[in-house]
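For reference, the chains in residue letters:
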Amino acid sequence: QKEVEQNSGPLSVPEGAIASLNCTYSDRVSQSFFWYRQYSGKSPELIMSIYSNGDKEDGRFTAQLNKASQYVSLLIRDSQPSDSATYLCAVKFPGSARQLTFGSGTQLTVLP
Amino acid sequence: EAQVTQNPRYLITVTGKKLTVTCSQNMNHEYMSWYRQDPGLGLRQIYYSMNVEVTDKGDVPEGYKVSRKEKRNFPLILESPSPNQTSLYFCASTLAAGSWGEQFFGPGTRLTVL
Numbered sequence: 002q003k004e005v006e007q008n009s010g011p012l013s014v015p016e017g018a019i020a021s022l023n024c025t026y027s028d029r030v031s032q033s034f035f036w037y038r039q040y041s042g043k044s045p046e047l048i049m050s051i052y053s054n055g056d057k058e059d060g061r062f063t064a065q066l067n068k069a070s071q072y073v074s075l076l077i078r079d080s081q082p083s084d085s086a087t088y089l090c091a092v093k094f095p096g097s098a099r100q101l102t103f104g105s106g107t108q109l110t111v112l113p
Numbered sequence: 818e819a820q821v822t823q824n825p826r827y828l829i830t831v832t833g834k835k836l837t838v839t840c841s842q843n844m845n846h847e848y849m850s851w852y853r854q855d856p857g858l859g860l861r862q863i864y865y866s867m868n869v870e871v872t873d874k875g876d877v878p879e880g881y882k883v884s885r886k887e888k889r890n891f892p893l894i895l896e897s898p899s900p901n902q903t904s905l906y907f908c909a910s911t912l913a914a915g916s917w918g919e920q921f922f923g924p925g926t927r928l929t930v931l
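So the protein sequences, as listed, match chains A and B.
So our numbering is basically just the index in the first sequence, starting at one, shifted up by 1.
So our numbering is basically just the index in the second sequence, starting at one, shifted up by 817.
The hints are simulated quantities; they were obtained by calculation from the structure and are not laboratory data.
Cβ atoms here follow ideal geometry from the backbone N, Cα and C, with glycine treated the same way.
Errors might be hidden in some of the hints.
[Said to hold, decoys possible] Under the rule of at most 25 Å between Cα atoms (straight-line distance), these lysine-lysine pairs were calculated in the DSS-like manner: (1) B:Lys882 with A:Lys3; (2) B:Lys835 with B:Lys888; (3) B:Lys835 with B:Lys886; (4) B:Lys874 with A:Lys3.
[To be verified] Negatives, chain B to chain A, calculated, CB over 12 Å: (5) Ile829; (6) Lys888; (7) Val930.
[To be verified] Just a sample of chain A residues kept apart from chain B, beta carbon distances all over 12 Å, derived: (8) Ser13; (9) Val14; (10) Glu58; (11) Gly60; (12) Lys68; (13) Leu76; (14) Pro82; (15) Ser83; (16) Gly104.
The shape of chain B in the complex, shown without the other chains (with noise of 0.2 Å):
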């Protein structure tokens, strides 16, 4: 089955102990980004990467860390997690550039910084 994965789905932590969120996807996409999703905000993408080792900024990336060392996976990591970061984020991928905004995302992680 093409899909998206996550893990873990739920996290709570607490402030200043790092933590990443792993992301994987099984349909040999180029495209992988990561988003945050909080009330009344919507939908803000934090990274993107175009392919292996090619990852840039999107529009809150402060305080976040990705990698791509293989293009199945994206992991998100959270150097020093502080309690603004609480949110439900997703990762999405999309098979190549004219298909940008055909995202599939992932089932999402809900993370609580204490």
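Chain A with its partners taken away, still in its complex shape (with noise of 0.2 Å):
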């Protein structure tokens, strides 16, 4: 079974804080890990994609992935509260090639 698993939160950070995202996943040899944000009652939306261990980094956004601890990392730096959503972590599992497995989300909240 592909799973991937996120804590549910709710996480709250204050503002300018750095906020600290997890995920795990089920299959070591998975190559393609993304972090979407979800915003109250809107749709989903690409934020970061990763697929090397190491660090990316996008503005504010850095994610970390750890294939041999099979875990992938979102952090915010300088948080804002505009940056309070559900953050969903999505895994492309080997021979499910044209599938996403999303996680269930961690909700984010930013305090002013």
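Since each chain sits alone in its own frame, please combine them into the complex, following the hints.
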């Protein structure tokens, strides 16, 4: 069974702090990992993708991947109230080349 | 404007009454999918389509049908809806193979089956 696990939260951080969102997945040979953001009442939107071990930075967002530990994380630096949303981790598992498996999401609240 | 559109956005119906949710994209994307989103369960794929006349089951296909007669359209059909199909439904599209993770989602259809 292909699984993607996230802590559902809610996670609350003060404005300006670093928010850390975590995700684990079940298949060691997975190659493609994605973070989507979903505001309340809206559809998910892709914010980061990562394919190699290590860190990938895009503005205030950093995705971190550790394939040996089957762990991917998203760091949001200098968190803003506008970052308050649910963050979905998604994995493309081998053998399901045309499907993404999503985690249930972590709800983040950034407190002013 | 590049977008994925869905209609209707909200629908309340009764058990057994056939319904269709339409999905259309204007980006010339090859791949399209339908997902349902339920609290605590995340997004689960219902069906996907790799191109015109090519569809395949996702993780939760029971009770649903799809068709892909044109590249831009991918309707979701519930032949005999049941209350357990009450959910938030999203259509999504992706340009092509290799970019499968970069999905563009429609605005969602909230379906209630009484």
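Check each numbered hint from earlier against the structure, then list the numbers of those it violates in ascending order. Checked against the structure, the only hint that fails is number 16, while the rest are satisfied.
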